[in-house]
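With the hints as constraints, model all of the structure from the sequences given.
Taken in sequence, the protein lines are chains A and B. Taking the working numbering, the leading residue of the first sequence gets 29, the next gets one more, and so forth. Taking the working numbering, the leading residue of the second sequence gets 151, the next gets one more, and so forth.
Derived by calculation from the structure, the hints in this document are not laboratory data. On a predicted model such as this, the values are computed, not experimentally measured, just so you know. Think of the CB as a built atom: it goes at the ideal place given N, C-alpha and C, for glycine as much as any other residue. The reader is advised that the hints may include incorrect statements.
[To be verified] If the Cβ cut is set under 8 Å, some of the chain B residues that face chain A in the computed set are:
no., residue
1, S288
2, G290
3, A320
Chain by chain, the residues run as shown.
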Amino acid sequence: MPHPMPPLAISAYTATSALGRGLDAHAAAIADSRSGLTANDFSVAPLTCFIGRVAGLEHDALPAELAEWDCRNNRLAWLALNQDGFVDAVKDARERYGASRVAVLLGTSTASVGATEEGYRRLDHGRMPADLHRPVLHTPHSLAGFVAAAFDLEGPCLTVATACSSSSKVFANAERMIRLGLIDAAIVGGTDTLCDSVLFGFNSLELVSPGPCQPFDANRNGISIGEAAGFALLERAVEGTRDPLLIGYGEASDAHHMSTPHPEGLGAELALRDTLARAGIDAADVDYINLHGTASQKNDEVEAALVTRSFPATTRASSTKGFTGHTLGAAGILEAVITLLAMRDSCVPANLGATTPDPLCGPQMAWTVETRDIRIALSNSFGFGGNNACLAFARTGVAA
Amino acid sequence: MSAALTVWVKGVGFWAPGAASWQAFRDAVATGGDAGDTARPVADVLPANERRRAPESVLLAAAVAGQAVSMSGADAATLPCVFASAHGDQAITDYMCRTLAETPTDLSPTKFHNSVHNAPAGYWTIATHCHASSSAVSGGETSFGAGLLEAATLAVADERDVLLASYDIAGAGPLGEMTGGTGAFAAALVLSPHAEGSTMRLDISPAPGNSGHDALGNAWLDDVTASNPSAHAVPLMLALAAGRSTALRVAAARGLDIHVDVEVTP
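Next up, the structure:
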């Protein structure tokens, strides 16, 4: 078992998704239990399903000096970075620590493959069309490369691409680098945008619901895909900080199947135990868990059983995929941000979309929005390849 | 000033055109540095049915990872792993983009789940019953250095042996012109925070700036090094194969190298 970790301060954070741009839009939608899912109107031949689409990306090009990086995914990243004073917080960190002491550690599942897809739709004599003849876009590292360039940072710069756990795991990368003194601060987070690869890909696996997703509903029939970007700035916590804290994380592998979770949730449980050990807390200390809760048959079955057997009824739990859709590689950071908002506002988000609770669910489930003091909270993220991650946060002033 | 990270190399894996294993590469280096035969990567860690169906990237990564773990004597089931690749399986990305442009509803579900960047990590952990943390990372053109920094950081931070496998395959289709990859290459290291049983130590520190790299003066190895981002491992692998203590810099990000002091005890 790992040792407890020194907490890290989350000195700035933000997210943009189908719920809107920035923290206030998310907090308002969650307080009102208002979903951002809409009928699919994406791609040339839209499948019958619901999506969590961010409005306005078609019109908001990147600033001229960043034009080489322009594509839907980097536009969404840029839009998110420009909310909630995040840009200024990064510039301030760069000023205080130096460009080589601030890392860019970002998660994504498909990065800007949407631009590669577009190139293939309009090939010019079998080659990428001239306007997409930009190698920086046609790689999984496009997002992290873009963010490092946008802030002129020269510290460690890494893309984590472990499917739907990607932007959760980057918190762990940052913690290790800060603890060992390699860096003083890190931009963590991630971005994934709607693209044909994921819409038709999940459709080919018969994992997409024709209607809005219904996490933990007895009659759930698949996921709704969404897009999102979110970012957090992590630094060492100083005495008396008023920032929320990262107090733990856990990572583990199912070793079971490429696209189906372990039937007993083994990897998910190992990631949970790893998280509690690093945070130095017990399951009973957890006030809220933001669940992975994709509304796929298998994920919710396994995760419901894990929560039911591991936590007391006082721990509240919900999936927020019914608000935003499954934002894949961005789910980790989006739901981390929603968890931080839940702590900030003492508001347990509803498990939106479910009308008939799955009988596997325990008394922990928050089927409707609740007002509740949340001191310590977890966020689960599980990905293809049996890749599991869990994060633990504490509210301002709560000693771990 | 002491190094930021000190790790010992417990196992090494290697595949390049002209040297299909770490032993073959050591032999080639010992006998003057000429390319030997090019053999398919042997991913004998994977079950036979998976080996037949696995994409090239998975075979390549699993082959070098298997060599390194076997040499280290570590138990793969408890070994955290980091799989680094600039571009993942470009042949699958090329297939996906072509199919999506022409007949999107014909997309193969198997190709889709194999298209995730963590497919090698997934297949590896399944084959070795590994429940430890597994990661799949990219650092673009500096993927090898970024992966080495991440794996060494994990080994020291968690006081555990860690497997690093860095792999890239040749570019394919219109995407291939963008990535510029001309051939396959993979290397793996089992890195340990403990010295016992190792003759190879790496002292690693971040070093601001990109120094670029000098030609090795060996046509075969210079070609391999230029073939894809993972092959930027070649100078380090050459020092380890030759049993030569040296210092080198490996690009780890835009504007950041890692300085590596390689200490080999005969």
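Hint check results:
1. Among the interface hints, the one on S288 of chain B holds; its C-beta lies about 4 Å from the nearest C-beta in chain A, closer than the 8 Å criterion.
2. A distance limit of 8 Å between C-beta atoms decides the matter here; for G290 of chain B the minimum to chain A is near 3 Å, and the interface restraint holds.
3. At its closest, the beta carbon of A320 of chain B sits 15 Å from a beta carbon of chain A; the interface hint therefore is violated under the 8 Å criterion.
Violated hint: 3 only; the structure is consistent with all others.
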